[in-house]
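Student: Chain by chain, the residues run as shown.
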Amino acid sequence: MWWVSHAEDLDRPPRPAGVGTARPEDLDEALRSARNGDEVAFRLLYREIQPRLLRYVRTLAGDEAEDVTSEAWLHIAKDIASFEGDIEGFRGWTATIARHRALDHLRYRKRRPVENAPVNEFRELPAPDDTEKTALESLSTHAALALIARLPPDQAEIIVLRVVVGLDATTVAKVVGKRAGAVRTAAHRGLRRLEHLLKDQEPPQ
Amino acid sequence: MNDSRLDAETAERMLRGEATGSPELAAVLAAAASGLAADDPKGEEAAVAAFREASRARQPRARRLSVLLSLKGALIGLLLLLTGGVAVAATAQHLPGPLGHRHPDGDRTPAISRTYETPSAPRASPLASPRASSRPSPGRNAPKTAHPGKPHHTKHKKAKKPKKAKKNKTGHATIPVSPPRAGPVKAAPGLVPPTR
Chain A
184 MWWVSHAEDL DRPPRPAGVG TARPEDLDEA LRSARNGDEV AFRLLYREIQ PRLLRYVRTL
244 AGDEAEDVTS EAWLHIAKDI ASFEGDIEGF RGWTATIARH RALDHLRYRK RRPVENAPVN
304 EFRELPAPDD TEKTALESLS THAALALIAR LPPDQAEIIV LRVVVGLDAT TVAKVVGKRA
364 GAVRTAAHRG LRRLEHLLKD QEPPQ
Chain B
9 MNDSRLDAET AERMLRGEAT GSPELAAVLA AAASGLAADD PKGEEAAVAA FREASRARQP
69 RARRLSVLLS LKGALIGLLL LLTGGVAVAA TAQHLPGPLG HRHPDGDRTP AISRTYETPS
129 APRASPLASP RASSRPSPGR NAPKTAHPGK PHHTKHKKAK KPKKAKKNKT GHATIPVSPP
189 RAGPVKAAPG LVPPTR
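Residue numbers (the numbering used here), protein chains in the order written: chain A, 184 to 388; chain B, 9 to 204.
Hints were generated in silico from the structure; no laboratory data involved. Computed from a prediction, not measured in an experiment: that's the story for all the values here. Hints are supplied without guarantee of correctness; some may be wrong.
[Stated by the list, open to error] DSBU-like, lysine-lysine: derived pairs with alpha carbons at most 30 angstroms apart:
(1) K382(A) <-> K261(A)
(2) K261(A) <-> K50(B)
(3) K361(A) <-> K293(A)
(4) K357(A) <-> K293(A)
(5) K261(A) <-> K357(A)
(6) K293(A) <-> K50(B)
Extracted from the complex, chain B is given alone in its bound form (with noise of 0.2 angstroms):
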């Protein structure tokens, strides 16, 4: 053992692949990292399925995933048209019910406030383009559920003015201005018993 020459410094240079030390322990060191070609084309096939199959199976699940959420904000923005068109309904028709015993220059609660919005939005009612029209949707929804291929005309346009105007009311305690009675009076029938 002490007649080694082998030192720590050496030893460690010669394991990173240095020729140097001992010309003997040189050899042994690098026969055993030589000659290393890849020859088993079985191996390899196996291998490469196998990566191939989980690329795949990556895959798909990226897919699913964002089906589902496109999925989940339409149904978030259906909820949202629902609700919205019995608000609708109630401030537009006085209807019987909690919201509907609130005086209107009263203390006004978030649900009534958001109410103006909604009417004054497209003459077409909610139950002729529901998507085009009263969505009192935080803008989070919006990309989701607007479809793709609808056509950006002039209605869509319409209604997203509404939505500045909502942030302006809620935001300020504005006495709400009596809304436009013609859609959303034909509105409530169809939009307020589902929900009830």
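In isolation and in its complexed conformation, chain A is listed as follows (with noise of 0.2 angstroms):
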């Protein structure tokens, strides 16, 4: 199945901070138990996988996201035992779920008359003044998540999962429908963007 790891991804080397609380290790373990039905493994789980879905989601589908996010962990839920795979597989394999469900919602929306117009949260958020210029040793996670979410729609999905989520390229690639060569290109551009936008400058195309 295409969420087991790829051999190219097995020397990657260790996630940003925040990401990778537990040792993959034991996440592996974790993995392997919870499909025999232990819970307390899918608590850990749940923990590790969920704040990064949740920031994730929040790029796809605003205020919606926390209601995506429980749409998609009863899915998770229910089928966690059938998963194949590691936990790198695991975490694109949640975040696929989480993805069709907050397309889903998207759709949905779309058929009713728009009220709540703002698809992304972030886009109302402070004015680049407020975020880019304050100290950047201070900068929050809400800033530094909203600075991305003023890149393209599909760069700023791409970059979450990467650097939030903690995907490689080649599991991006499988969770957004691209490929992995169109995915890193559009990492690619979107930094660039992103550093042009913490300079203040206009971006680049």
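Could you fit the two chains together into a complex? Lean on the hints.
Tutor: This is the structure in structure tokens:
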């Protein structure tokens, strides 16, 4: 299955700060136990994965993110026993489920008269002057995500999947239904755009 | 765009979480991924409840299936027992009918050759202890129909012998030894009518 991790990613360097609060071996073990019905192990996985999923889904579904991830977890809880793969594959699998739920929500909302128009809550967050020019050393998570959310949606999504959810390019490609090369290009462009935003320059096209 | 020094390789390394490239950009990425602590007990409990329910739902299904399978095994065993009984009766008594018309020393069909292992089974009539005696069932059914609570006494062992004998006899075309009458004859009246 596609979420089985790829050999090329085995030598990945450690995750960014905040990513990987639990060791991958422990999470692999937890995943095995949870598949056999171990509730404690399932909780561990939830606590590891849910905060990342929530941040990711916010880039897609804004203030509906919590509803979306709740639904996603019902699905995950039901199907985890039949999941095959390691913890990296599991991250990809859960992200895919959450993404589908988010897109369902967006589709549903489109059919209704638009009242709560903003799809992305970060887009209505403080203007760039308030965020980027404040001292970077005290840059909050919120501000960082708000900045990323100013990127074109596909670039923002890919960067959050890579940096926050902690997926490699190959897995991201499968989650968003693109080729790995396209994912790398979009992420690269997104980072360059972010650099320009930080320097308060006109972002590149 | 051209003034950006961020090349593809550096971008990839930054995305993997390495502290490289522009410090400002690295700070943004690190901040985006920081403070990842689950803080929604309600959501967690809902997910765990769903997980618990799913685990519970899976187990009974497996149990139900095994019950169904053992029932099926028992049914097959019973069927074989009954058909075996007919065959016993047919050879033992030379009853009129499709089986009874055949000459015992003529070309033998499996149905007939199958019969003499049953008469050689324990003296107890099939009616008296149907499980222990004549069962021409294949080995596959044996474990399922053999009820676990059943003590392994000598009768049971005797019942197993004929099975081995069966294999030998069905393989070679041996002339049937006239089976012991006492048991099967007694059994016939009881077993034959229901299947006809």
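Student: Check the structure against each numbered hint from earlier and tell me which ones fail, lowest number first.
Tutor: Hint 1 contradicted; others consistent.
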